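Hints are included, so try docking the two chains, each in its own frame, into the full complex.
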Amino acid sequence: MIKYVCLICGYIYDPHEGDLENNIPPGTPFEMLPEDWTCPSCGAPKSEFEPKI
Amino acid sequence: MEAVKIKEGIYWVGAIDWNIRNFHGYSTIRGTTYNTYLVIDEKITLFDTVKHGFEEEMLARIRSVIEPEKIDYLVVNHIEPDHAGGFLHIVKVIKPEKIFLTPNAKAGLLEYFHIQDLPFEEVKTGKEVKIGKRTIKFFETPMIHWPDSMISYLPEEKLLISQDAFGAHYATSGRFDDEVDHCELIQECAKYYANIVLPYSPQVNKLLKTVKEMNLAIDMICPDHGIIWRKNVGEIVGLYERWSSYIADQKVLIVYDTMWKSTEKMAYAILEGVVKEGIAAKLCKLSVSDLTEVMAEVMLSKGIILGSPTLNNGLLPTVAGFTAYMKGLRPRGKIGASFGSYGWSGEAVKILNEVLKDMKAEVVHEGIRCKYSPDKETLERCTELGKTVAKKVKEVLGL
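So the sequence lines, in the order shown, correspond to chains A and B.
Quick note: the first sequence uses the working numbering, first residue 7, plus one each step.
Quick note: the second sequence uses the working numbering, first residue 1206, plus one each step.
So that you can see chain B by itself, here it is in the shape it has in the complex (with noise of 0.2 Å):
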């Protein structure tokens, strides 16, 4: 196994895990690579370490290059164990002389692995490292994802090393952007978006304002995930100030479940409303969906309608996981509604329009709560819903 290079004296050598197929919940089912870059200077660098498991497909990179031994200085730009798993194998073999990273990730690695006595030196935003010919100017990102996350950037190569930010759960025999396939690539960019990176939106908004006050020359973006971006450096950008500003397409999305299929047959009545009214529309039944790609439906679209019989009170098992996990994710700007069948007390649409209040939804119809099963004048009342929502997302996007 061999490193790539990226740019004179710059490598990849990472590791790619072709197989993963589940990620702490989320489905990778294009597995995932995680990336560590090679910098050759006067001080030897290495950027990040990899998941546990992969350190010696790394050090196999490193050596096709250098004897990892001879590598002076590591940066740990995040210490989630998909980066950082590795962390204690790889100081073993490489003896770094400092270990560059912020306050909180040095708190957190002490309390990973229990451990003291490394040559850590912990840096801040604006802090410059003289490697040799080059520098490297780091940045704190808290929250983009972790309170220890940071990126680092090399004036010299005009070269970002952005850590899990604009990353894919994406695994390639191409290192970049311009050797994938472009729809595949953007797609899972937009789930690991919407999936790790949404709760923390207006970090990230705030971030780029930084960065283009700065007027920071970036000709290339190398994440911890998927591919590096030499070719669309300017689309990835533009994507992530659309997301973290949440920009959603002009689309609706009905996700429901059901139990004896009345709540699904008020879904489809739904949908053809929101379909008569000239606006594309999604169906994602629960039970048979993928949650991770239902997060990224949810992000890009500007409309939601959730619906869920009521079981025991409450929601649906399926539907309950979802609302949970989607208003952990927080996404913003939406305009909602919601729909339910029941068979004596009926609380789930109620349920459902404080998951949309709570998401800051703009709820545009009471809910339709329907008794058993729905009769031809509640499924036109569900037609007349999805027109309603989708007359509502034509009116804000201006269309």
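Bound-form chain A, shown alone (with noise of 0.2 Å):
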């Protein structure tokens, strides 16, 4: 699974590791996230991330 990179502070989303602070359990792609997921960093939308190279 690919990780994402928030472009406006740099945080990385790890589908690994899931956002368990937004009840994203560890495993769930990116593209499996819910529309009005935000960045837990900067609260930026998820059209500002970018798949990580």
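Treat the hints with caution; some may be incorrect.
To be verified - Taking CB as the label site, the calculated pair distances span:
#, chain 1, residue 1, chain 2, residue 2, range
1, A, Asn29, B, Glu1384, 46 to 52 Å
2, A, Glu41, B, Lys1581, 48 to 54 Å
3, B, Trp1549, A, Asn29, 34 to 40 Å
4, A, Asp20, B, Met1206, 24 to 30 Å
5, A, His22, B, Lys1562, 43 to 49 Å
6, B, Asp1383, A, Asp20, 22 to 28 Å
7, B, Ala1312, A, Glu41, 41 to 47 Å
8, A, Met7, B, Ala1529, 25 to 31 Å
Said to hold, decoys possible - Far from chain B by the CB rule (all over 12 Å, computed), these chain A residues:
#, residue
9, Ile8
10, Gly16
11, His22
12, Glu37
13, Glu56
14, Lys58
Simulated from the structure, these hints should not be mistaken for laboratory data.
Given the structure is predicted, the values throughout are model-derived calculations rather than measurements.
Backbone N, C-alpha and C define an ideal beta-carbon position, used for all residues, glycine too.
What follows is the structure, given as structure tokens:
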């Protein structure tokens, strides 16, 4: 599963870790995150994320 | 105005803002400072600039050491206007050969000042720049507390220029932690963390772990506000570990406001319950309280009890404003409950419970709504609510 990086603040969404604080269980791919999910670091929307190469 | 030598060849050349009392809403009751640091080496390097209006104070301090035009490098650790407001003015005077900053900081400065053509040199975490016998090592610290933020470490000097981290809004004539009142200092640091840094606690926690793993030797921390840490480095790092892990004290804060004193009577009854359980408590009426101070108490208290009467099917505006502010600062790990009086609809308690849930607090009571004015029985229930929260605080903190 690919990691995604927030273009605003540099936060990295790691699907293996999920985002427990926001009830996203480990193993959730970025594509499966709810549309209203936002960067837990700076609040940017999903559209501000890019795959981390 | 003179520079203050902090190590051989290294000077504090910042500005002291004694009389500021409102820093974008943060009540700076003890003023603040805008700290900048000058390192004299083969490449003379200046770390950060000051708020617009304080440029001449800073230049005067630099002139007490060298002519500002001799500065070769400028490091921009953070672009917020309290540090970079004077950036353009200073750049015009010193005409630096290079300006080191993160990619986010460069983008931000271009957007702030609508400029181009400056000798920017982007740096990323781990980048090292030799300035003579000293090295600067950069670490990006995104969202501590803006996307552009970074810190600079001088390994040969064991010195960390930490930008806003470990800072405080605290104007003093002493420049070092051992030259000021220690209680005031720690209070101001807690207030600063609660009102500025708290939302980014996960990042702070991670950074502290990284620094520990890297075994960085640090005997001096130079933040961009307040004093320089040389005696109590371990203490402030320990406090940042504590605050960024959401560890709070064994106390309960009751934050409320009132229209015709019914919610206030409930607040006092709740306070009595908490105290009966042997737990320290504080009462804050929002109409006469300073939000900045209340927020520091929120961070430091394990139990948070919120009270508001219902006004026009919602919260009283003072409580609504405070809860919006508090939620944005993302306090975590709290034990909470809520209460409030009402006339006919009574939505406030439900809204306050939602606020607590948004903060991921453990809500240990369904809350108490009271029509018009509390009778003896209602006040007894309020006392019980206070006891319930206090008991839970004791249980969770293992007391």
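_Structure versus earlier hints, numbers of those that do not hold, lowest first_ = 4, 5, 6, 7, 8 and 10
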